[in-house]
Amino acid sequence: MGHSESSSSQAAPLEASRASEGDKPNGPPLAALMAAAVGTFVLGAITTLAEVSEGLKDWLVFREPVGPLSGKTTLATGVWLVAWVVLGLAWRGKELDTRKVLITSVVLIVLGVIGTYPTFFEQFAPE
Amino acid sequence: MSLSEREFWTVIHGLVLGTLFLLAFAGGIAGLWSLRPALVTPAGVHERLRRLNVGVWTMAAVAWATVITGTYIVYPWYREAAESSPRSQLLANSDTALWHTFGMEWKEHVAWMAPILATAVAFIVTYYGERLIHQERMRRLAMALFTSAFLAAAVAGLFGAFINKAAPIR
Numbered sequence: 023m024g025h026s027e028s029s030s031s032q033a034a035p036l037e038a039s040r041a042s043e044g045d046k047p048n049g050p051p052l053a054a055l056m057a058a059a060v061g062t063f064v065l066g067a068i069t070t071l072a073e074v075s076e077g078l079k080d081w082l083v084f085r086e087p088v089g090p091l092s093g094k095t096t097l098a099t100g101v102w103l104v105a106w107v108v109l110g111l112a113w114r115g116k117e118l119d120t121r122k123v124l125i126t127s128v129v130l131i132v133l134g135v136i137g138t139y140p141t142f143f144e145q146f147a148p149e
Numbered sequence: 769m770s771l772s773e774r775e776f777w778t779v780i781h782g783l784v785l786g787t788l789f790l791l792a793f794a795g796g797i798a799g800l801w802s803l804r805p806a807l808v809t810p811a812g813v814h815e816r817l818r819r820l821n822v823g824v825w826t827m828a829a830v831a832w833a834t835v836i837t838g839t840y841i842v843y844p845w846y847r848e849a850a851e852s853s854p855r856s857q858l859l860a861n862s863d864t865a866l867w868h869t870f871g872m873e874w875k876e877h878v879a880w881m882a883p884i885l886a887t888a889v890a891f892i893v894t895y896y897g898e899r900l901i902h903q904e905r906m907r908r909l910a911m912a913l914f915t916s917a918f919l920a921a922a923v924a925g926l927f928g929a930f931i932n933k934a935a936p937i938r
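In order, the protein sequences belong to chains D and E.
My numbering applies: residue 23 is where the first sequence begins, and numbers increase by one.
My numbering applies: residue 769 is where the second sequence begins, and numbers increase by one.
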């Protein structure tokens, strides 16, 4: 009983503080989400494409001791950062449809994971 | 009581950073889970957010440190062309080849998703600050992303542990 009264009396100021502070636009956090999804998708896509093309696999050797993994991860990280900057600027101060961005992001992340799954990308390796 | 340079970096990559990652994840997910008006007092929100920020940024930083040390320090030793390298040893035996062709091949790629996703979570937590307690959808989104980052790291960590058992880097 005492706990319940205490909780309700403490929740009220939180509601009040919300009203006084106002909500921040969801554009920047959704830009962070979408950029992360793009980065993971690119990682999966490059991993699979490197199996399709021996030329691409060789080109991805940015550092010899690491092999093609150096190029795959450098490109994915670079695309992630660029996407974050571009989307962050484009969506700054904006209120977006969370559902649309969320669905698109989940699809990209799932595709990215599939692209890195050996059983999948080895299907594209030359015989 | 001595470690070679290679064993030292394998321990740093897999054990030290891996343990920090687990601790940061546990703290971060617990913080995000309980960040609800009914569970946090006004006075507690500020202190809770400070700890949450430390937890999520630590997890992101540790995840980056783990993949960078793994890819650029430990992995070159694993994939050396020499017959004694772990990769060569695993592939030389049909009973162990799958540790490389499936385990290592998946681990080395999927691990990089962990820091990217964890950094997005850290940004979301910092961006909203104390307002996150009223952003139910964003809080749930952060938890889902945080868990996804953890799962990616868990796949990499588990395969790393087993592969290092089957063919240790020395």
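I should point out that these hints are in silico values taken from the structure, not numbers from a laboratory.
Warning: the hint list may mix true and false statements.
Selected chain D positions facing chain E (Cβ under 7 Å, derived; list incomplete) [unchecked claim]:
| no. | residue |
| --- | --- |
| 1 | PRO47 |
| 2 | GLY49 |
| 3 | PRO51 |
| 4 | LEU55 |
| 5 | THR62 |
| 6 | PRO90 |
| 7 | LEU91 |
| 8 | GLY100 |
| 9 | GLY115 |
| 10 | LEU118 |
| 11 | THR126 |
| 12 | THR138 |
Beta carbons are placed, not taken as given, at the ideal position from N, Cα and C, and that holds for glycine.
Now for the hints, and whether the structure bears them out:
no.	hint	verdict
1	PRO47	violated, 10 Å
2	GLY49	violated, 10 Å
3	PRO51	holds, 4 Å
4	LEU55	holds, 6 Å
5	THR62	holds, 5 Å
6	PRO90	violated, 10 Å
7	LEU91	holds, 6 Å
8	GLY100	violated, 12 Å
9	GLY115	violated, 12 Å
10	LEU118	violated, 12 Å
11	THR126	violated, 13 Å
12	THR138	holds, 4 Å
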